[in-house]
Amino acid sequence: MQDKQIEFIVQKVMEQLQKQFPAAPETVTPEPVTETTGLFFTEEDWQTSIPKPVYQEGTSELTSSTPARIGVWRAGTRPLTKTMLKLQFDHAAAIDAVGGEVLEKTLQEFDLFTVETCYENKEVYLKRPDKGRVLTDAAVQTIKEKCMHRPQVQIVVSDGLSASAVETNLKDVYPALLDSLKINNLTPGTPFFVKGGRVACMDHIGEILEPEVLVLLIGERPGLVSASSLSAYMCYRPRKGIVESDRNVISNIHPLGTPPIEAGAHIGTVLRKMLEQKLSGVKLEL
Amino acid sequence: MKTQITLLHKTYQFSGLKEILAKANEERSGDQLAGISANDAQERLAARHLLSQLTLSDIRNNPVLPPEEDEVSRIIEESINEKIYQSIANWTISDLRESLLDTNTTNQEIMRIRKGLTSEMVAAAAKIMSNLDLIQAASKIEVVTQCNYPIGHKGTLAGRAQPNHPTDSIQGIRASLYEALSYGIGDAVIGVNPVIDTAESVKQILQMTREEIDRFQIPTQNCVLAHVTTQMRAIKNGAPSDMLFQSLAGTEAGNNAFGISVALLDEANELIQKEGTGTGPNLWYFETGQGSELSSDAHHGIDQVTLEARCYGLAKKYNPFIVNTVVGFIGPEYLYNSKQVIRAGLEDHFMGKLQGIPMGVDVCYTNHMKADQNDMENLAVLLGSAGVNFLIGVPMADDCMLNYQSTSFHDIATVRSVLGLRPATLFEKWLEKMGIMEDGKLTVRAGDPTLFI
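Going line by line, the protein sequences match chains W and G. Mind the numbering: the first sequence is residues 0 to 285 in numbering that gives the first Met the number 0, read in order. Mind the numbering: the second sequence is residues 0 to 452 in numbering that gives the first Met the number 0, read in order.
No incorrect hints appear here.
Here are some, though not all, of the chain G residues that point toward chain W, as calculated from beta-carbon distances under 7 Å:
1) His164
2) Met395
3) Asp397
4) Asn402
5) Ser416
6) Pro448
7) Thr449
Hint data in this document are derived by calculation from the structure and do not stem from the laboratory. Bear in mind the structure is a predicted one, so any value in this text is a computation, not a measurement. No residue lacks a Cβ here, since even glycine has one placed at the ideal position from N, Cα and C.
Using the sequences and the hints given, assemble the complete structure.
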């Protein structure tokens with residue numbers, strides 16, 4: 000509970016800081032322009048207020064106590080325009096994250112080659128989670144040829160349910176992960192990217208490459224708070240028949256959640272403990 | 000029982016009732032994932048034609064999951080009134096549909112018929128009914144229940160206040176609760192989903208909601224939606240809980256995956272009768288949803304509509320105060336898009352009501368489904384027309400703890416306004432006393448949560 004509370008406080012503080020010190024593009028004063036050229040929308044512009052609250056000071060006391068969309072007021076029984084558009088905007092980000100693709104450039108930056116699961120296309124991917132757990136025959140062939148067999152640590156990256164989670168966080172989490180492996184005296188094998196992956200594709204990869212431990216960085220189901228949240232699933236000797244409770248996970252990795260650099264640094268420690276205790280999941284002592 | 004049908008010149012052969020029931024369903028991704036859906040649109044209609052001509056006795060005599068193998072089947076089988084069943088046993092499913100829709104069939108008559116129906120018969124009827132059929136039939140049925148205060152009367156629409164918070168902050172939960180009340184929402188229940196499933200945490204939330212209910216003398220009831228065993232520990236430690244909550248599945252194996260059994264529910268039922276703070280007689284809140292049995296590999300090859308109907312058959316044993324299907328929560332592999340969610344919402348509401356269940360619906364979706372807020376607004380209005388007992392109220396429909404979207408306080412207020420529905424009677428009186436509502440309309444004070452500080 001305490002960790003979660005701290006996490007939440009950190010998140011709120013960061014949001015506050017962002018409000019007080021908006022990101023660079025927004026601070027740049029635009030060249031004097033005519034009134035008609037454009038609108039600038041920042042977080043503050045979505046704020047609405049109750050016209051005549053019974054207890055004026057109480058409004059911020061309530062709204063600051065929760066990330067829920069309260070104190071928003073109304074037009075008749077309907078929400079105000081801004082409140083409604085903000086909800087639609089947040090949902091739009093989530094939709095784009097599910098439908099998006101990770102750019103080749105991003106993967107090249109980290110020397111990741113790409114293989115696919117049997118997911119076929121986005122629609123089948125969403126309807127048939129079982130297909131995202133199995134690599135194609137071509138993928139099996141490719142990783143057999145290109146990857147170190149029986150590595151100590153196998154790193155795998157996948158888009159999962161949010162391509163933008165990989166786009167947003169890989170640049171911070173990945174170098175931090177490599178550093179933390181070094182610090183913990185661990186040796187990575189040959190990393191790669193899996194397109195259309197589900198968490199349990201770890202088991203199939205485990206069967207093929209037989210790593211001691213495997214870490215999968217995969218995009219989470221997008222929420223409205225963040226559409227770009229990444230999870231790191233870790234498993235000792237992944238193979239067929241592994242159950243959910245045999246895996247460990249660091250979730251909610253994004254700039255306003257678990258900071259990506261911190262998460263990357265923590266993964267090495269977890270993997271080392273798996274190797275020491277020769278197990279993973281709920282029985283692992285962290 | 001007939002298992003073959005020739006439509007014009009093409010003959011379709013089915014292996015048995017389980018296959019006919021599955022293939023008669025409107026298309027949905029969960030049945031496809033289970034590998035039991037119709038191969039094409041015409042086979043779907045062949046199954047539906049055949050099903051419409053099967054009799055109620057065909058359904059009863061060919062159990063999809065025999066009572067010897069499953070305790071949910073036993074509960075459903077044991078609940079049948081033999082005399083009433085015998086009086087309708089030779090009805091076809093088509094007869095049942097037409098009887099329910101007949102102008103002369105009243106709520107009173109449906110109350111009699113339901114005592115002779117099994118959950119599978121109810122599911123079969125739903126499968127041969129169109130969306131508007133489901134609305135028409137359900138709208139006749141009135142199921143009134145009472146925990147502390149009654150809800151479910153014709154002409155009313157209640158709302159559950161769902162003031163969740165991502166870290167269970169008591170202040171944060173209270174803030175969202177004030178917002179809910181200021182829009183006239185909270186007559187069904189003040190029900191919080193906790194992040195932390197411990198007896199101590201559950202007790203704290205129950206105590207806070209109890210204090211607020213007492214402080215403003217709100218005619219409602221409280222509940223924390225932790226696992227039933229956690230709530231039982233909290234109640235034994237003195238937590239003031241008006242009712243118990245639990246998620247249900249339609250098979251014994253599905254319930255095992257939820258960590259419950261009929262024996263456990265019986266034990267919990269005894270506890271809430273003796274140590275709950277609710278007046279009763281209805282002291283349970285259940286949630287269900289198509290697809291949960293498949294997700295825990297506990298479906299026995301039975302389709303998700305039939306399994307959902309069985310959840311209500313089980314729920315009935317405990318005379319619940321409220322039950323709602325969480326219709327789009329489980330994801331696109333079970334209900335792919337808005338069309339499938341809307342259909343499932345109407346089916347679930349009808350199947351519950353026909354079995355005498357006080358049905359509400361959590362009209363909701365996740366971000367990886369092909370659905371958006373407009374679709375939820377559509378379904379909310381359809382369900383309002385069908386006479387749904389309650390909807391779920393979340394600040395601006397965005398649940399910041401469960402990470403899905405449902406219906407908002409604004410939405411429930413709007414459905415009431417558009418369809419001329421009122422809050423539960425005593426709750427409306429309270430809203431008038433607080434100056435939030437007048438003649439069934441929100442006043443200028445409504446929407447101001449600082450009223451309650």
